[in-house]
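**Q** Below are the chains, spelled out letter by letter.
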Amino acid sequence: MKKKKIFGLSVRIPLLLALIVTFSVVSGTTALSAEDTINIGFLAALSGPDAGWGLPGLTGNQIFIDRVNAEGGLLVGGKRYKLKMHAFDDEATGSKALQGARQLVLEHDVKFISAIGGTPADATHPFLTKKKVFYATLISTDIMPDRPYLIGGGDVTPRIDMLRPWYHKFNNPKLKRWAVTSQDETIGRTCQAWEVGSAIAEGWDVVYDKHFSLETTDFAPVVTAILATKPDVVSLNLTWPDFVTLIIEQLYLQGYKGIISANYIDTESVMQKVPIEYMELTKSANSFPLFDDPWWGEQSWQHEFIKEWNAKFGPGAPQDVKRKITGIDWDHVIMLMVWAHGAQLAGSFDPDEILKALRAAPMIPTILGPAVMYGKEMWGIDNMVSPPVPIAEVKADCKCKRIQAHIKFEEWFESRKDTIIKVVKEKGQYFDQRK
Amino acid sequence: MELATFIQTIANSVVAGSIYATVAVGLALAFGVMQMANHAHGEFFMLGAYVVYVFYALGGMPFPFAVLLAIPTIAVIGLLTERLIFRPTRGNVLAGFMATAGLTWILQVAAGRIWGLAFMKKIPTPYMGAATIAGAQIGLQRVIIIPAACILLGLLWFFLYRVKLGKGLRACAQDPEAAALQGISINKMTALAMGIAGAYAGVAGALMAPIHAVTPYMGRDLLITAFIVVIVGGMASIEGAVLAAFLLGFIHTFITTIFDATSGVMVGVAFMAFILIVKPTGLMGRVKA
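So the sequence lines, in the order shown, correspond to chains H and Y. In case it helps, my numbering puts the first sequence at residues 1 to 435. In case it helps, my numbering puts the second sequence at residues 1001 to 1289.
The hints are simulated quantities; they were obtained by calculation from the structure and are not laboratory data. C-beta atoms are modelled at their ideal positions from N, C-alpha and C, and glycine is treated no differently. One or more of the hints may lead you astray.
What the hints assert, rightly or not - Looking from chain H toward chain Y, a few residues come up when the C-beta cut is under 7 Å (computed):
(1) 51
(2) 55
(3) 184
(4) 210
(5) 212
(6) 213
(7) 215
(8) 216
(9) 218
(10) 221
(11) 224
(12) 228
(13) 229
(14) 253
(15) 272
(16) 310
Go ahead and model the full structure; you've got the sequences and the hints to work with.
**A** This is the structure:
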C-alpha cells in the first residue's frame, strides 16, 4: 500500500489533468465546421500468427476517431479535421508492409500509421521517411536515427523489462538469482539485452540468459534447464503471450515457487492452466494493466474506455468482436493520441513541426500518464514517447491483475545507464550495432 | 547435470517422444499406402484440438468424450482429402503435396474465420497438477499422453498385422499393383489410410489441446517435426516413425536442457540430414525392388 502511494499518486493527478486538457483541446470549444478529412493508416498483421498484436488495435483507434469526429473533428490550427482510418493487413511480412505503406500513402494520403513494427518497420522506413509519414511502432527497438518519423514508446517495451529487475529488488532485497528467457528473434534478443543490463545494474546475478526457438512446442525441457540454475526470479522478458502461458504452466508443474515476472501475462489464459493462488504466490508481475483496475479512479479515461469498448465491441454490441477486451485494444491508440496532440501543439500536420512541438513540450499527456520525448542514449534519437510504466501483480481475490507501481523511467535510467548500455553493447544489441 | 535434472530430462524426453510418435504415425501410414505426402497433416492435428475447444472448453462436454469425438470428425476430413485431392492426383507426388499445401491455408483461414484469431484459445487443463515419478515432476495431462500413445500405436500395430483389412493396407504399401491383382481395391485402401491418418492426427491434437497453444497455425511447427520423424524413420515405416520419434524426443530434449532450445531444433534437423546421408532410406525404410 505504501509503495502504491509512492509511485501512484505522484502521477495519477497529473495524468487526470493531462487527459482532461487533451480532450478539451481535441474537442475544442469553438464550433467550427468540418471541411477536410485527415486519413490515418493502420498497417499491421490482421491475419496470421501475429494478428493478436494488430487486429485488436483497430478497436481502440476507432473509439478515439469516433470521439474526435463526434466533437466535430480534430482542432488543428483553428480548423477542424475529421479523421478516417484505413487498414491494411501486412501479415507481419516486409514485402506486404511495403505494399501496404505505398497504398496507404499514395492512394489515401495518410499522415500517420499505427503499426506493430519489427520486420515491417525495417521494410517500410525508407519509403515512409522519403514521404515524411509518421510510423508508430509498438516496439521502441525499431527507433533509429535514420528513421526520423518512426516513433514509439506508447507500448512500454522494453522499459518495463528494464524496470522489473529494480521492482523485484526493491521488494525483495535479499534475492539474488535472475533467470531470463524469450523467443529467439530480433526483438526478443534486443529487449532481453536491455533487461540483462538492467538486472546487472540492480545487482542481480544473471544465472540464465538464453533464448528458445520460435518453433518450440514443448517447454518442459526449457523450464527444466532454467530451474537447474536455481533462480529466485524467472523472467520471461518479451516472450509472446501464448508461450508465457505454456512456460508458467511448466514452472507450476515442475514445482517452482519463486517469483515470475514478464513483459505481459494474459491472466485469463494462464488461469486455465494453473491455480490462481499459484499466480499470486509467484507474483506474476507484468505490465499492460487492466483498464477496470480501481487504481485508475472511478472517474477515469480508462474506465470510460472500457464502457465504450463494451458498448461498441463487447457481447451483443453492434460490432461484437466475440472476445473480451485485451491490452492490445488500447495499445495502439496511445501513439495516435500523441500524434493528434502533437498536431494540435504544432497547429499543423507537418511532421517536422509535430516532432518539434512534441520534443519541446514539457509534458505530453498519454493514457498511461504524462510523458516526455526521450531515448537518444538508447536509440540515437529522441523519438521514444516515455510515459510512466505501470507494473501489476496477479491477485487471487479478483482473479485479475492489479497495479502495484507506476514508475517514471527517465530518472531511474539516468543513474544506471552506463552499466546498462555497456552490457547491451557487449551483447551486440545497441542501436548502432544492429544495422 | 544434477541427478534431479537428469531424471526430469528423461521424463520430458519420454513425453516428447510419445507426442511426436502419435502425430507422425498417421503421416507415415498415408505415405506408405499412397506414396503421397500430406502437407495438411498439421492442420488435421489443429482441427482435432479445435474439436476439444468446441465441445470441451465451450460446450462443457467431459474431456475424454471430446477427445473421442475428434476421431471420427477428423477421420471424415481425411477421407474427403483422399477423395477430392489425393485420388485425382494419384501418381503425382508433387501435385498432391502442393494441393494439400493449399488445403493447409484453407483450413487455417477457415479456423481463423470461425473461431477467431488473436491469442491462443482458452482451454482449461482437465487434469491439473503433477505426478512425481522417480523424482521427476510431470503434469498429469502429459502423463496420460504416454499410455494413450501406447494404446494408439498398439491398436494400429494390431490392425496392420492381425486384421485382414490392415494386411491389405500393408500389401498396398509394399506393392500396389500386386495388391490390385490380388483383388484389393486401391481406392478403398487409400481412403482407409487417409481416414486412419486423419483420426490419428485428430486424436493427437485433441489430447494435446490443453498443453498446446491452440491457434489456427498450431499445426505448422508440428508438421515440420512430423516430417523429420517420418523421414528419419523411413518414409513408409510405422515402426521407423515410432523409433525416430523417441530418438528425436531424447535428442531434442537433452540438447535443449544442456544448451538451449534453438540448438535443440538445429540438432534435430542436423540429425535428419545425417541419417539421410548415412542411410538414405531412413532408419527402417527399405529400398523397393
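**Q** Of the numbered hints stated earlier in the document, which are not met by this structure?
**A** 13 and 16
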